[in-house]
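> The task is simple: from the sequences and hints, build the whole structure.
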Amino acid sequence: MLTTSDTSGSALEVRNITKRFGSFTAVRDVNFTVARGEVCGFIGPNGAGKTTTMRICATLELPDTGDVFIGGHSVLEEPRLARQQLGFMPDSFGAYAATTVTEYLDFFARAYGLKGAQRARTIAEVMEFTSLGPLADKLTSSLSKGMKQRMCLAKTLLHDPALLILDEPASGLDPRARVELRELVRALAEMGKAVLISSHILTELAEVCDSVAVIEAGRLMANGRVDEVMKGIRPTAELWMRCLAPTDALERFLAERHDVVGVRREGRGVALEFQGDEGALAELVAALVRAELKPVEFAPRETNLEDVFLQLTKGKLQ
Amino acid sequence: MSAATLEGSAAKAAESVRAPSDFWSPILVKEVRQALRGRVFRVTFVMTLAAALLAALSQSVGPDALGDVSQARSYFLSLYFCLVVALVVVVPLGAFQAVGNEWEESTFDLLTLTHLQPRRIVLGKVWSACVQGGLFLSALMPFFAITSLLRGIDLRAAALVLLWVGVTSFALTLLGVALSTLSKVRFVRVVLMLALGAAMMPFLAGLPSAASQALRDPSDFTSLEALLAMGSSALLILIAGSYAFGIACNMLAHPEENRSTNLRVVTTCGSILALSLVSFLAEILSSALDFISAMTIGGLVVVSVVDFFFLTERRTLGQRVSLHVPRSPLVALLVSPWLPGGGRGVLLHALHVAGITLWGAILMAIHRVSPTNPLADGFGAVLVTALLALVYVPLLPGVFAWLLERPGGRLVVRIGAPVLLLLSILVPGVVGAFTRDRDLAQLQHLANPFWVVERAYMQDGVTLQQAALFGGLALVALLINAPRVIAGIFEVLRAAGRRSARSAARAQEGAALGDPVQ
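Residue numbers (this note's numbering), protein chains in the order written: chain A, 468 to 785; chain B, 161 to 678.
The set of hints was computed from the structure by calculation and includes no laboratory data.
Since we're looking at a predicted model, the values are computed, not measured.
All residues carry an ideal CB built from backbone N, CA and C; glycine is no exception.
Each hint should be verified, as a subset may be incorrect.
Stated by the list, open to error - Cut-off 20 Å, straight-line C-alpha distance, at most; resulting in silico cross-link-like pairs (EDC-like, lysine to aspartate or glutamate):
1. A:Lys698 / A:Glu674
2. A:Lys582 / B:Asp182
3. A:Lys612 / B:Glu264
4. A:Lys615 / B:Asp182
Unchecked claim - On the chain B side, residues computed to face chain A include the following (Cβ under 7 Å):
5. Glu416
6. Glu565
7. Gly568
Unchecked claim - Derived list of chain A stretches under chain B, where covered just means 3 residues or more per stretch with a C-beta under 8 Å from a C-beta of chain B:
8. 526 to 538
9. 575 to 588
10. 715 to 724
Set out below in C-alpha cells:
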C-alpha cells in the first residue's frame, strides 16, 4: 500500500473531450496529459469547466466526443477498470452520519474489495499517512472541515490508485491545513502517483505543481510544465536593477543593447525586459561594471501562476 | 506459552472474527452500524418493546387472565399490531431514508467510484432493512412464544400471519428503496414518501384484520383456494418486487449505462410466469374460459402500461450500451427488442402482445373455445384488447418521436399520452351530452377502449368489421413507428459490427505483440 509505483508513462490522458449540457458547451476539445509522479494544477475561473472535466476524468460524466484514458483504460469503454486506477476527491462530499472515522474508512475499504488483514493494514497505513490516528474513534460529524478533507483523502488512497483527482481540496482550509495538504500532495507525487488538482489559491498550486492546465470558457488556454507555460506567455525575463551611476545613464546604456527589449524607471532604479539566457544575463552585469555604472542591486522578477492565470484568462463567463 | 505464540493466537482469533464479515455487503455493514447508532431505530425499538410489555401486562391482569381463548387471541393480535407497525411502517421508511441519505449527505458519487454496483447497493439497503426487521421480530418473539402456550392459538395460523407481515415488510422495503431512488429533489421526495405511506395504510389495517380472521378460523386459510390465492399473491409480489429492484438499480446507475434491459427482461419473464400460473389455475377452476380470457386481457393491459415506458425511451443505445451489444449480428438482432431505445421498445411491445395473445388463444383452444365462431367467445375480447394495445401504446410515442429526443420531452409524452387518452374518451361524452346522444354521453363509443373491451368480454365478442377496423388502426400505428423501429435495428447491427471490428483489431494488436488475446 502507498508504495512507489512505476513512474513511466502517462497516468491520465485527456483526448479532445467536449461536453454539452443542452445548448451549453461546458468543455470544448480539451486535451492534456498527466504523467506518473507529476502534480498538474488545473486552473481556471469559476464556471470554466474544471469540475466537469474532472468529473469526466473520474468517470462520473461522459464526454459527448473524445475520450479519457486512465492508465490506458478508456472511461467510455472500461469505466470499471479506469475506476480501479483513480481516486477522486470531489469539491463537496459528505461523511456518513453516526459513523466514526475508522468505520468510514472500513466501509470504503470493503467497498473497494479489500478483505481481512489486508483491509485492517491498509486502513492503518492511510490513517498514519494522513495523520488521522488520533481521530480514529471520533464521529465524522464532529470533525472540522480540514479533518474531513483529510479523511476523504485517506478514503481516496485506500485502493492505492495511480491517479488522484482532487477538486478544490484546499477550499475552506485554514493556512496550517493548507500547508499540510500541500505536503501530502507532494509526498504522494514522490510515491509516483499522478495528481490532478484544481484550486483557486494559485500560490498554493505554484508550490506544489509540476505542470499546469489553464482552462477558460471550456477551452484549454495553456498546458505544460509550469516554467514552460510561463516562458510561453512571457518569453522575456523581467529584471529590476539599481546602479550608483545616474539612472539616466543606466537607462541610455540599456536602451542601446539588443537583448533588452524594454526599459522603464521604477523607484530608485529601472525595470527592464531582458531577452536571453543566464549567460547573456551574466554578460549584461559584466558590461554594466565595465561601463562603470556600478550596479548595486539586481533582482530578477519571477512570474508566478497568478500572472499566468491573469494573462491567459479574461474572466470570461460561459 | 511464549508472548509471540500468544500474540499469534490473538491475531488468529481476531482474523476468525473478521473473516466472515468480509463476505457481507459493505452497505449492509455500514447501514446496520448507522441504524443501531441512530436515534430513529433506538426510539422505535424501545417503544415497540414497551408496547409489547404493556400489552402483556394488560392481558395478564384481567379476570380471565390468559385463560380465555378470545383473551389469548386478543393478546396475540395486540402483539401482532406492534410488529406490523414496526415491520410495515418503520422498516420500509428507514430503507427509504437510507437511500435519501446518500443524496443528502453527498456520498453517492464516492460510492459510485467504488467496486459496488447499483445492484449491490440496493441489495445492501434491503438486507439492512431485513436485519432491522429481524431485530424487531426477535425482540417480540419471546412474547409471541408465550401466546403459543395459551389456548386458542393455532401454531400454523400464527406462523402464517407472521410470514405475511415478513413478506409485506420485504415488499414495502423494496418499494421504499425504489421510490427513494426516483428523485433527489426534496419536495418530490416528500411526495414519494407520502406515496409510500399511502401504500402502507392498507397493510397496516388489513394485516391485523386478516390475522384475526386466520386465528379465529385457521381452516379457511389452509384450503386449496386460499393456498392458491396466497401462491398467486406471492408471484405478484415477486414480479412487483423485481420491478422495484430493477427500477432502483437503474436509477442508481449512470445515465449512460443500460437502464432498460433488466426491466424488459422482468416484463417478459413476469408475463411468462403469470401465464404459466394462469394455465395451471385454469386446470383447476370450473369456469376456465372466462378466467383465461379475463387473465389474458388483464395481462395485455398490464404489459401495455409497462411497455409504454420502453416505447418512450430515447432513440439511441447510448455510448456505453453500444459497446456491449453482442458481436454476432444474428444474436444482436435476436436480442434487440430487449435493448434500450424507443424503436426497439415498439418491437418488444409487439412481441409481448403477440405472445400473450397466442398463449391465451392456445389455452382457450385447449379449453374448448367455439371452433365455429371464435370471435364470439372470450377470444374476441382478447383479440380486440390486443389490437387496441397495438393502437394506443405505440401511436403517440410514434407521432411524437421527435419530442422524445428533447430534454424533458419524454416526461411530456409520458404524461401527455394518458391525458390524451382520457380526453379521447371524455370529449365524445361531452359532445354526446350536448347533442343528447345517449350512447356518447354514457361514454359508449369506439374511442373508449375500456368500453370496447368490456362490451366484447361481457356481451357478444367482436364482429369481423370491428376486428378489421382495429386491425387497420394497429397497422397504421405500427407503420408510424416503422422508421424508428428500422433505425433501432440498424443501430444494433452497426454497434455489433463495430464491436466485432474492434475485437478483431485487438486480436491483431495482441498477435503483433505476441500476446495471446482472450
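> Look at each hint and say if it fits the structure.
Comparing the hints with the structure gives:
1. A:Lys698 / A:Glu674: Between Lys698 (chain A) and Glu674 (chain A) the Cα gap is close to 17 Å, so the pair holds against 20 Å.
2. A:Lys582 / B:Asp182: Holds. Lys582 (chain A) to Asp182 (chain B) sits at ~6 Å (cutoff 20 Å).
3. A:Lys612 / B:Glu264: Satisfied, since the Cα-Cα distance of roughly 17 Å is no more than 20 Å.
4. A:Lys615 / B:Asp182: violated (26 Å)
5. Glu416: holds (5 Å)
6. Glu565: violated (12 Å)
7. Gly568: This interface hint is violated because 10 Å lies over the 7 Å limit.
8. 526 to 538: holds (count 3)
9. 575 to 588: Per the Cβ count (10), the hint holds.
10. 715 to 724: With 0 residues closer than 8 Å to chain B, the segment 715 to 724 of chain A misses the three-residue bar; violated.
Violated hints, in rising order: 4, 6, 7 and 10; the structure is consistent with all others.
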